[in-house]
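Novice: Okay, here's what each chain looks like letter by letter:
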Amino acid sequence: MAGVFDNPVFPYFAFYATVVVLKTMAMSFCTVFHRLTKKVFVNPEDTAGRGVKPSTHESVERVRRCHLNDLENVIPFVLIGLLYTATGPSLGSALLHFRIFTGARILHTIAYLLPLPQPSRGLGFIVGILVTMSMAWSILSNSKY
Amino acid sequence: MAGVFDNPVFPYFAFYATVVVLKTMAMSFCTVFHRLTKKVFVNPEDTAGRGVKPSTHESVERVRRCHLNDLENVIPFVLIGLLYTATGPSLGSALLHFRIFTGARILHTIAYLLPLPQPSRGLGFIVGILVTMSMAWSILSNSKY
Amino acid sequence: MAGVFDNPVFPYFAFYATVVVLKTMAMSFCTVFHRLTKKVFVNPEDTAGRGVKPSTHESVERVRRCHLNDLENVIPFVLIGLLYTATGPSLGSALLHFRIFTGARILHTIAYLLPLPQPSRGLGFIVGILVTMSMAWSILSNSKY
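Residue numbers (the numbering used here), protein chains in the order written: chain S, 77 to 221; chain X, 77 to 221; chain R, 77 to 221.
Misleading hints may appear alongside valid ones.
Given that identical chains are not distinguished, each listed pair holds provided it fits within a single copy or across any two copies.
Stated by the list, open to error - Below, in silico cross-link-like pairs of lysine to any residue (SDA-like), each with a Cα-Cα straight-line distance of 20 angstroms or less: (1) LYS220 to GLY127; (2) LYS115 to VAL136; (3) LYS220 to PRO165; (4) LYS99 to ILE205; (5) LYS129 to PHE91; (6) LYS115 to ARG141; (7) LYS99 to LEU216; (8) LYS129 to ASN119; (9) LYS99 to GLY168; (10) LYS99 to ASP82; (11) LYS99 to SER214.
Derived by calculation from the structure, the hints in this document are not laboratory data.
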């Protein structure tokens, strides 16, 4: 198993991993935006002085479901992607994985937040998982147990 | 602190880390399976054309709780495990940590989904945490602050 | 892009990353403590023999929200921080990032659990995000796409 940081694939991995993690973190801002504009807060210390009671709202819950789905899929991609980069894949194959995953998750987010009719969100979700599983397969073929 | 990728422990870490991340991702398929067979969807665009309204179901919620517990425990294991591998542990000690954690989380998942009577699930949960804390201790003893 | 594990910044990154991950995992113990002392369990196999029914409680939900917020912020910090360390930052700049983030998240946790009046929690939250975004910017400037 080759090194990862002296690897020609690594600077590309760093880029796409950072993009999808930033996209995940953007969901926090999206949640805060909906909470402030709709005055929907769940903690009593947040509602204090605003004249509202703790409550929930479908717009906020939708963003939060999207955020949780990102945690369930983007974090595994970054972890598996780092180990995959260490297996010394060809640059072409690695870029194909990174770019398809990034595109799929951006589609997933747009489809979730607008929302777009299904199966757009389901497509982004399943393509992302298939990319991660393909990288996982490469790791398992190059590892010891 | 020795390197991680030119480390004899790394190919083993790659294997066990990938196995537990794939196990976590398998919860997504389990959730989808329960949603489709029980027709339980939370988004209006998912229920469209199925003749059902958005709803929740205990079978789906149970899988989702198991998935969240995996995120809370498996992701820290992989992050801490990578840093632990970089401390240059002996192969025997590292394999002991990786294998016990993997076994504990598989027990946790089986105990959660069947479900098995307690304390089976609690045992898988606490053993996993103790393994991660033991690796964290090794890192803290070999790091600077 | 320089290596990460032969990097003078790495032993410091290992320390602060481990501290914030352990802090995140401590939320599990906090949840268990509230569940046991207030007899609040969500799974039927957990309430069996305790003479209570599955229920929820605001103290437990508050800790769980704090835990989820940690997952949404601490995990991205560790992933982005590892890639940032690989870009070969100066030790002074890196320590500034790691220490401010760690302090911000400890403030966030204290503010969430006591709770302290706002904007203490919001301050810990936003400072943590700004630190991670600053590191992400360094990665994007040093990566390829």
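Novice: Evaluate each hint against the coordinates.
Specialist: Going down the list of hints, with the structure as the test:
Proximity of LYS220 to GLY127 under the C-alpha cut-off of 20 angstroms is found in neither arrangement, the shortest distances being 60 angstroms within a copy and 48 angstroms between copies. In this assembly of identical chains, the alpha carbons of LYS115 and VAL136 lie at most 20 angstroms apart only when taken from the same copy (10 angstroms versus 24 angstroms across copies). In this assembly of identical chains, the alpha carbons of LYS220 and PRO165 lie at most 20 angstroms apart whether taken from the same copy (17 angstroms) or from different copies (16 angstroms). In the homo-oligomer, the alpha carbons of LYS99 and ILE205 lie at most 20 angstroms apart both inside one protomer (17 angstroms) and across protomers (13 angstroms), since each shortest distance falls under that limit.
For the identical chains of this complex, LYS129 and PHE91 are neighbours neither inside a copy (42 angstroms) nor across copies (41 angstroms), given an alpha-carbon limit of 20 angstroms. When the C-alpha separation of LYS115 and ARG141 is checked against a cutoff of 20 angstroms, the pair qualifies both within a copy, at 19 angstroms, and between copies, at 18 angstroms. When the C-alpha separation of LYS99 and LEU216 is checked against a cutoff of 20 angstroms, the pair qualifies only between copies, where the shortest distance is 14 angstroms, while the shortest distance within a copy is 28 angstroms. Taking the closest pair of Cα atoms, LYS129 and ASN119 come within 20 angstroms of each other only inside a single copy of the chain (9 angstroms); across copies the shortest separation is 25 angstroms, beyond that limit.
Taking the closest pair of Cα atoms, LYS99 and GLY168 never come within 20 angstroms of each other, the shortest separation being 24 angstroms inside a single copy and 28 angstroms across copies. When the C-alpha separation of LYS99 and ASP82 is checked against a cutoff of 20 angstroms, the pair qualifies neither within a copy, at 27 angstroms, nor between copies, at 30 angstroms. For a Cα distance limit of 20 angstroms, the shortest separation of LYS99 from SER214 across copies, 16 angstroms, qualifies, whereas the shortest one inside one copy, 26 angstroms, does not.
In summary, the structure is inconsistent with hints 1, 5, 9, 10 from the numbered list given earlier, while agreeing with the others.
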